[in-house]
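Chemist: Here's the letter readout for the chains.
Protein chains: 2
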Amino acid sequence: MNTNKTPHIVIIGAGFAGLETARGLANAPVRITLIDRNNHHLFQPLLYQVAIAGLLPSQIAQPVRTIFRKQKNLTFQMGEVTAVDFDEKFIKLNGSVIAFDYLVISAGARTNFFGFDALEKYGLQLKDIDTAVQTRNHLLSMFEQASHEGDAEKRKAMLTFVIVGGGPTGVETAGALSELITHVMRKDFPRLDLKDAQVILLEAGPSLIAAYPDELREATFKLLRNKKVDIRLNTNMQDFNGQRVTLGDGATIETQTLIWTAGAKAAEIIDSLGVEQASMGRVRVTPSLQLPQFPDAFVIGDAAFLVNGNGQPLPMLSTVAIQQGKAAAKNIRRLIEGNEPLPFHYKDPGLLATVGRNAAVARIFGISFSGFIAWVIWVFLHIYRIVGFRNRILVMFNWAWDYFFYDNQVRLITKE
Amino acid sequence: MNTNKTPHIVIIGAGFAGLETARGLANAPVRITLIDRNNHHLFQPLLYQVAIAGLLPSQIAQPVRTIFRKQKNLTFQMGEVTAVDFDEKFIKLNGSVIAFDYLVISAGARTNFFGFDALEKYGLQLKDIDTAVQTRNHLLSMFEQASHEGDAEKRKAMLTFVIVGGGPTGVETAGALSELITHVMRKDFPRLDLKDAQVILLEAGPSLIAAYPDELREATFKLLRNKKVDIRLNTNMQDFNGQRVTLGDGATIETQTLIWTAGAKAAEIIDSLGVEQASMGRVRVTPSLQLPQFPDAFVIGDAAFLVNGNGQPLPMLSTVAIQQGKAAAKNIRRLIEGNEPLPFHYKDPGLLATVGRNAAVARIFGISFSGFIAWVIWVFLHIYRIVGFRNRILVMFNWAWDYFFYDNQVRLITKE
Numbered sequence: 001m002n003t004n005k006t007p008h009i010v011i012i013g014a015g016f017a018g019l020e021t022a023r024g025l026a027n028a029p030v031r032i033t034l035i036d037r038n039n040h041h042l043f044q045p046l047l048y049q050v051a052i053a054g055l056l057p058s059q060i061a062q063p064v065r066t067i068f069r070k071q072k073n074l075t076f077q078m079g080e081v082t083a084v085d086f087d088e089k090f091i092k093l094n095g096s097v098i099a100f101d102y103l104v105i106s107a108g109a110r111t112n113f114f115g116f117d118a119l120e121k122y123g124l125q126l127k128d129i130d131t132a133v134q135t136r137n138h139l140l141s142m143f144e145q146a147s148h149e150g151d152a153e154k155r156k157a158m159l160t161f162v163i164v165g166g167g168p169t170g171v172e173t174a175g176a177l178s179e180l181i182t183h184v185m186r187k188d189f190p191r192l193d194l195k196d197a198q199v200i201l202l203e204a205g206p207s208l209i210a211a212y213p214d215e216l217r218e219a220t221f222k223l224l225r226n227k228k229v230d231i232r233l234n235t236n237m238q239d240f241n242g243q244r245v246t247l248g249d250g251a252t253i254e255t256q257t258l259i260w261t262a263g264a265k266a267a268e269i270i271d272s273l274g275v276e277q278a279s280m281g282r283v284r285v286t287p288s289l290q291l292p293q294f295p296d297a298f299v300i301g302d303a304a305f306l307v308n309g310n311g312q313p314l315p316m317l318s319t320v321a322i323q324q325g326k327a328a329a330k331n332i333r334r335l336i337e338g339n340e341p342l343p344f345h346y347k348d349p350g351l352l353a354t355v356g357r358n359a360a361v362a363r364i365f366g367i368s369f370s371g372f373i374a375w376v377i378w379v380f381l382h383i384y385r386i387v388g389f390r391n392r393i394l395v396m397f398n399w400a401w402d403y404f405f406y407d408n409q410v411r412l413i414t415k416e
Numbered sequence: 001m002n003t004n005k006t007p008h009i010v011i012i013g014a015g016f017a018g019l020e021t022a023r024g025l026a027n028a029p030v031r032i033t034l035i036d037r038n039n040h041h042l043f044q045p046l047l048y049q050v051a052i053a054g055l056l057p058s059q060i061a062q063p064v065r066t067i068f069r070k071q072k073n074l075t076f077q078m079g080e081v082t083a084v085d086f087d088e089k090f091i092k093l094n095g096s097v098i099a100f101d102y103l104v105i106s107a108g109a110r111t112n113f114f115g116f117d118a119l120e121k122y123g124l125q126l127k128d129i130d131t132a133v134q135t136r137n138h139l140l141s142m143f144e145q146a147s148h149e150g151d152a153e154k155r156k157a158m159l160t161f162v163i164v165g166g167g168p169t170g171v172e173t174a175g176a177l178s179e180l181i182t183h184v185m186r187k188d189f190p191r192l193d194l195k196d197a198q199v200i201l202l203e204a205g206p207s208l209i210a211a212y213p214d215e216l217r218e219a220t221f222k223l224l225r226n227k228k229v230d231i232r233l234n235t236n237m238q239d240f241n242g243q244r245v246t247l248g249d250g251a252t253i254e255t256q257t258l259i260w261t262a263g264a265k266a267a268e269i270i271d272s273l274g275v276e277q278a279s280m281g282r283v284r285v286t287p288s289l290q291l292p293q294f295p296d297a298f299v300i301g302d303a304a305f306l307v308n309g310n311g312q313p314l315p316m317l318s319t320v321a322i323q324q325g326k327a328a329a330k331n332i333r334r335l336i337e338g339n340e341p342l343p344f345h346y347k348d349p350g351l352l353a354t355v356g357r358n359a360a361v362a363r364i365f366g367i368s369f370s371g372f373i374a375w376v377i378w379v380f381l382h383i384y385r386i387v388g389f390r391n392r393i394l395v396m397f398n399w400a401w402d403y404f405f406y407d408n409q410v411r412l413i414t415k416e
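In order, the protein sequence lines correspond to chains A and B.
First residue of the first sequence? That's 1 in our numbering, and the numbers climb one at a time after it.
First residue of the second sequence? That's 1 in our numbering, and the numbers climb one at a time after it.
It is worth saying that the hints were derived from the structure and are not from the lab.
One should not assume that every hint holds.
[As the list claims (entries may be wrong)] Calculated lysine-lysine pairs in the DSS-like style (CA-CA distance at most 25 Å, straight line): (1) Lys154/B with Lys92/A; (2) Lys222/B with Lys195/B; (3) Lys187/B with Lys72/A; (4) Lys92/B with Lys154/A; (5) Lys330/A with Lys347/A; (6) Lys70/B with Lys330/B; (7) Lys326/B with Lys70/B; (8) Lys195/B with Lys72/A; (9) Lys72/B with Lys195/A; (10) Lys5/A with Lys92/A; (11) Lys187/B with Lys70/A; (12) Lys92/B with Lys156/A.
All chains, please: the whole structure from these sequences, using the hints.
Modeler: Here it is, written out as C-alpha cells:
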C-alpha cells in the first residue's frame, strides 16, 4: 500500500454531514478514516418516533460498517476523539495518535439546557437512541403507574405530558404523543379515564415553527389544536423539579414528564478545539467551510456557523448537513488537485413537518401544503431517505400497519 | 358489577405458564388480575437471537395489554408483588392489597450463578431483554475494540468468547455466535483477522444437551464442531475475573466475555413464600399443581417442582409451562364448579434445538432428525409460536433476509 502518498482524510462524526463527505470521496484517491462514538448512523429526524413507541431504534439506525461495506478506501473506528492538533495535524482516538492530511469535523449537536441543572437531571430529551428509549420507557411507565393510582390528582399529574419547544421536534412529538393516547392507549387501558390525559406544548415565542412561512405556522397550530394538544405560546418555563413545572408567570403544572426540545448546541468536542465559536458554540467557518486559520480542516453540519445569503446563520438541519457534506468532499478533491475550494451555497429544498397521522405541513417549490397531501409527501420522503433497503421496507410496513390498525407495536418498557 | 360473587383469580407472572392460564379462563365467570414486573410477555426461547444481533427485542416481546385487549374479564397490572398471604388470601402490589379467591404463581426462573459472586459481576446472561441487549452490546463492542488494538495477544483475548453450559441455550448461542463471526463480522471488519476469533463452549458433564437422546447429542456435537466451535466437555469453570477464565484443571483462557447459561433457579419471590422448596428453589406442588397446605394456590411453570411419570422432575421448559398453564385454568374451573381438580400429566411434544443456520436437531413422534430438515421444522415451529401476527411476519422477513444475504441487521451498540 502506497500510504505515504495517498492523502489521509479523517472524518469525525457519522451523522448526515460526515456520511455524505465519506460518500463524496468514495472514488477519490484517498484513504478515509471515519470516526463515531456510536457504531451506527442515526436518522435523527425520526428519533421522536422511537420516543412515542412508533418505530424501533434499529429502524432508524444503521451500523456504519454496513453502510460502507463496499467503500474500500474507508475504515471505520468507533471511539471518542480526545484531542485535535491542527498544527501537527493529528488527532487522538482510543489512546492512539492518528495523523491526517485533511480533517472534517462533523460532530453534530447536543441538547442545550441553557444551564438549567434541574432540567438536565429530570427532563427528557431526544438526542440519541438511548435518550429516546429512555423517554419511551418513561412515557409508557406513566400509563402503567396511572392505571393503579387511586388518587385522582396524582393520576392526572401522571397523565400530564409537557413538551417544551415549539420547533419541528416539539410539534411532531406533541402531535404523535397525543395520537398515541387517543388511538392506542385508550385500547390498552380500557379502565383508565384518558380524559385526564393532556399534552401541553410550551413555546416561549409568539408562534410555532417560527422559521416556517405564515400560512404553515397557522396550519400547524390548527392541526395540533385539533389533536387536542394544549398549545401555550409566549410561555416561558422557569423550573422543573421532577414533579412540577413552574412557568414564567408563576403558574404551575403538576407533571412528572417534561420533554425538552427547545435548544441545541455544538457537540462537546467543539469546545475543546480552541477555535472561534459563535452562538450555540458553533465554529465560525469560511464560506468554503474551512477553519480560517487551518484550511486543511473543515467543520460542517450542526457544529458549523455560517451566515446564509439572507444574513441568517444556517439552521441545524439535516438538509444543510447533507449539502455541506457534499461540498466538503468536493472541496477536498479540489485541494488535492491543487485547485481553490469553492464557497458553499445552501439550496433550500423546502420545509416539512408532521403533526401526526394524516397531518403535516410542507413547503416545496414555493408551494405550501398542509393536511393529508403534506403527510403523504412527508411519509414518502422520509422512508426514501432512511438508509438501508431492509429498514425502508420495515418502516413502511410499520407505518402501513399503524395507519390501518391504529396500533403502535413497540410499546416495550425495557429499563427504568 | 357483581364482583362479590365473581371469583377473583390473581396470576403472578406473564410468562408462558401465566399467559396460558389467563387464556384458559377467557370465557370463565371469573375476574382475572394478571401481574408482571415487565409490561411485556417474552418469547424466551429466542432470547439468544437478541444477544447475537439476529432479532430485535420487540420481535420476541409483546405488550401484555395488547395480547389481552379482547379478553374483557382480565386486568393487567405492572409491578412487583411484595408479599403473599395464603391464609388471609391477599397479595401486596405497588403498595395496594389485592384479595384473591384463587392464586396462580407462575413467576418463572432466574439465572443461577451457584454463589459465584464474580460471575454475577462479570458474566453475561440471557434472562430478559435487558441482559440480552447488554450481551449484544458487549459482543459487538469487543469487535470494535479489537479492530483498533495493536497488541496481538490482547486482540486475541477480545475475540475469544466463552459460553458456559452445554444445554440448548448454550448450544444455540455458540452456534449462532460462530456464524455471526464467520458470515457477518468478516464483512464488517475486513481489516480484522478473524482467524483469531474463537467460540469456546464449556460443559461440566460428558455430553452436550444431556437430556436429549444419544443420536441427537452426537449430531449436535458434530454440527457445532463443523461450525468451528471449540467444545470442551467434562470441563469445569473455576473462576472468571472479567479478564481471564480459570478452569477446574488450572488452565486459563484469556477473555473478557463469558456467557453463563449453566443454571437456573426459581424466581426471587418464591424464596419469600414460606413454602416447601425442592432443588433449584422450586416449590413442591401436588399432582394437581396446588400448594399442599393451600389448595386455592397453584404454582406452575419453571417455579414448580413436580416429579414426572418416569421419576424425574419436570424440566424448566416452555412446553411444560404451557401445558401446566392450561391444566391450572382447567382445575380452577373445576374447583369453582365444586369438582375435584385433576392431576397433571406432561405430554412430551418432542425436542428441538438449533445449532445455527441450516442446522438443528429434533425428535418428534419418536423420530430423530438432524441438519437442514430439523432446522426447517425449528424455524416454522418457532415462528408459529411467536405471539402476535405482526411479529410473526417481521421475524420471518428477518430470517429470510439473513438466510439469503448472510446478514444480521440489528448490530446496534446502544449502551455500555
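Chemist: Which hint numbers doesn't this structure obey?
Modeler: Going through the list in order, the structure violates no hint and respects every one.
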